[in-house]
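Undergrad: So the sequences go chain by chain: A and Y. The first sequence maps to residues 3 to 498 in our numbering. The second sequence maps to residues 25 to 195 in our numbering.
Think of the hints as simulated: they come from the structure by calculation, not from any bench. Check the hints yourself; a few may be wrong.
[What the hints assert, rightly or not] Taking lysine-lysine pairs in the BS3-like style, the calculated list, with each CA pair at most 30 Å apart, reads:
id, chain 1, residue 1, chain 2, residue 2
1, A, Lys431, Y, Lys86
2, Y, Lys27, Y, Lys113
3, Y, Lys91, A, Lys431
4, A, Lys431, Y, Lys85
5, Y, Lys109, A, Lys431
6, Y, Lys113, A, Lys431
[What the hints assert, rightly or not] Where chain A lies over chain Y, by a calculated footprint (3+ residues, C-beta under 8 Å):
id, segment
7, 27-39
8, 65-76
9, 86-93
10, 102-116
11, 155-167
12, 172-179
13, 182-194
Using N, Cα and C, we set each Cβ at its ideal position, and we do this for glycine too.
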Amino acid sequence: MFEHYLTAFAAIFQPQILLALTLGGLWGLMAGALPGISTSMGVVLLLPFTYAMSPLAAFTILVAAYCGGITGGSITSILFGIPGEPSSVPTVIEGHSLAKQGRAAYALWIFLLCSIGGGIFSVFVMMAATPIIANFALRFGPPEYFALTMLGLSVVSGLSGGSVLKGLISCMFGIFLATIGTDGITGLERFTFGTTILLGGISFITAMVGLLAVSEIFIEAEEPFKEYKGSANYRGMKEEMPKFSEFKKNWPTLAKSPIIGTIVGALPGAGATIAAFLAYGEAARTSKHPEKFGNGAVEGLMAAESANNASTGGSMTILLSLGIPGSNTTAMLIAAFMIHGLQPGPLLLTQRPDIIYGIFVAMLMANVFLLGLTIVGIRLFLQLNRLPYSVFSAAIMILCVIGAFGLNNNMDDLYLMLAFGLIGYYMRKYGFPIAPAVLALVLGDLAELSLRRSLLLSLGDPLILVSRPLSAILLAAAVISIVYPLFKKPKMLQGL
Amino acid sequence: MKKDEVAANFVIIAFFVFMLYDSFKLHKVQRFGDVGSGFWPILALSAASILSIILLISSFKKYQRTKKQAPGEASRSPAAETDLKSRRKKFALSAICLLGYILIMPYVGFVLSTIVYVFAFILALEERRKPVLVLSPFLLTALIVIVFAKFIGMPLPRGVDFFAAFSRFIY
């Protein structure tokens with residue numbers, strides 16, 4: 003194992019990989035900091051740049067953008083009170099209150115140190131847990147994989163938005179999309195309606211670009227014309243560096259929050275937003291000064307920031323060990339694996355340890371780099387908020403077009419992208435969450451193949467799905483995760 | 025709950041039911057022990073259809089309740105109506121710009137279609153500052169061509185005839 007780490011460190015310190023790390027981190031910070039772009043959109047827009055890169059450079063730039071996006075969302079939250087990401091809402095509450103009290107730089111230091119701390123903690127958990135889970139997953143057969151995908155889909159549907167019903171419909175739509183094209187077992191064409199464009203199935207990237215990025219631009223395009231935004235009352239960070247005693251005083255929160263973040267991040271569909279809210283809620287519940295929450299509580303800011311960044315490691319652990327994406331952003335990474343001819347999952351650790359250990363080290367280094375990049379680039383990110391949104395959205399749309407076209411150099415993919423953009427627009431308009439559809443599109447194929455392989459093994463006996471203990475436990479958990487939110491949803495998560 | 029949401033639910037149900045009908049044709053193709061090509065889509069589409077019907081009923085009930093509680097609120101104010109029309113117009117223009125961009129790109133090539141697209145799109149977004157309207161299409165296209173065609177070497181569409189010769193001159 004240590005030789006893999008040594009090789010990975012040697013590979014990461016090559017100039018082109020360091021450049022990828024820096025550019026990915028900067029892009030992610032920028033995407034997170036700008037309210038019009040989400041982390042997942044930032045990552046999907048980077049995909050076309052990775053087509054010509056080596057796999058390690060591609061994953062380095064993508065994971066750096068992923069970590070940067072989660073971190074960057076808090077910059078505008080603290081300074082402008084605008085959450086760059088949904089996970090930054092607790093940061094707006096506490097961080098922006100501090101900024102209004104004239105302590106913006108102090109709040110930025112707290113956010114930055116806690117974010118990076120949480121991120122690094124979760125990377126170490128990922129390094130330790132991925133090989134263990136992957137080894138365990140090697141014993142998985144088709145029934146366990148079917149149950150696992152069902153658990154993933156059920157959790158995603160239950161947690162992804164205000165309406166569980168709409169989440170489930172979105173999930174079923176994604177499963178349906180995954181069935182389009184040639185059936186992997188019988189070779190039969192499904193829902194192609196005689197066209198060749200759908201014969202190979204719907205490409206993840208085209209669908210994701212359309213559903214996530216193009217639809218977002220359509221939504222933003224409707225808004226009244228945006229002039230330059232005002233700049234924040236921010237001077238410099240040197241003067242307001244927090245003392246070590248501030249962290250020592252809040253050690254229980256600093257110890258609990260990254261653990262909450264990592265565990266929640268590992269749950270499919272939960273992600274950074276739920277992690278941040280749960281840790282924030284827990285900090286408020288156990289605080290000696292709960293009255294300060296909502297008025298610039300440093301403890302609340304620490305909890306939210308440690309947890310949302312820690313969710314990245316948890317999410318990546320499940321992706322790398324089981325091949326199951328837990329969020330939109332990790333679903334993009336699945337697409338990136340496929341572009342480079344790799345199949346994420348337990349076998350990848352033994353087949354391509356250079357990639358897996360490279361990703362471990364890249365994520366660790368990304369968190370370290372983000373500390374410097376944020377301090378150096380904070381003024382630049384603030385200036386970016388002054389760019390005319392019209393030009394910015396045109397640039398994003400062109401990147402979407404290049405991303406969809408560059409995959410197969412096929413114009414048909416652009417029509418599909420537009421169609422998914424329109425579908426995504428109407429889904430957003432009518433309150434259907436996008437994440438379940440995207441994740442079901444990625445997981446649907448695996449779920450169907452696992453189910454049918456299980457039934458082929460048992461000669462058609464469906465009891466194979468519940469007669470194996472692990473499969474039965476996972477299926478039971480899937481049922482609970484669908485039924486539970488129908489009856490009870492934690493108050494603080496309502497409306498997310 | 026507004027009328028258009030109820031109408032949207034009808035469209036969703038129609039889509040899922042149509043696809044469900046189509047998926048029954050697939051059900052016959054299977055191997056021994058296999059559930060067949062149609063099983064999984066039928067399962068997903070049946071669930072989707074049932075859930076959509078439940079959603080329609082609950083949307084309709086909410087709509088009726090809102091109408092009873094505050095009859096005036098069910099219809100929009102003139103200001104809200106104007107705002108809605110403006111939003112719909114901007115969305116439609118953005119979508120038409122993108123469709124036009126995709127349609128002309130294979131014929132006129134990436135460079136010229138992108139210049140035209142950026143100009144039309146930012147105009148549709150109500151950008152009226154002349155320097156931004158004039159400069160940004162050229163600067164943005166130049167930046168994209170340098171990064172993707174020159175640096176990454178991606179084969180961007182070149183167009184046909186004269187346009188192909190023009191594109192070859194650039195990348």
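Undergrad: Compare the structure with each hint and give your call.
TA: Evaluation of the provided hints:
no.: 1; hint: Lys431(A) with Lys86(Y); result: 18 Å, holds
no.: 2; hint: Lys27(Y) with Lys113(Y); result: 20 Å, holds
no.: 3; hint: Lys91(Y) with Lys431(A); result: 21 Å, holds
no.: 4; hint: Lys431(A) with Lys85(Y); result: 20 Å, holds
no.: 5; hint: Lys109(Y) with Lys431(A); result: 15 Å, holds
no.: 6; hint: Lys113(Y) with Lys431(A); result: 15 Å, holds
no.: 7; hint: 27-39; result: holds (count 3)
no.: 8; hint: 65-76; result: holds (count 7)
no.: 9; hint: 86-93; result: violated (count 0)
no.: 10; hint: 102-116; result: holds (count 4)
no.: 11; hint: 155-167; result: holds (count 3)
no.: 12; hint: 172-179; result: holds (count 5)
no.: 13; hint: 182-194; result: violated (count 0)
Hints 9 and 13, counting from the list given before, are not met by this structure.
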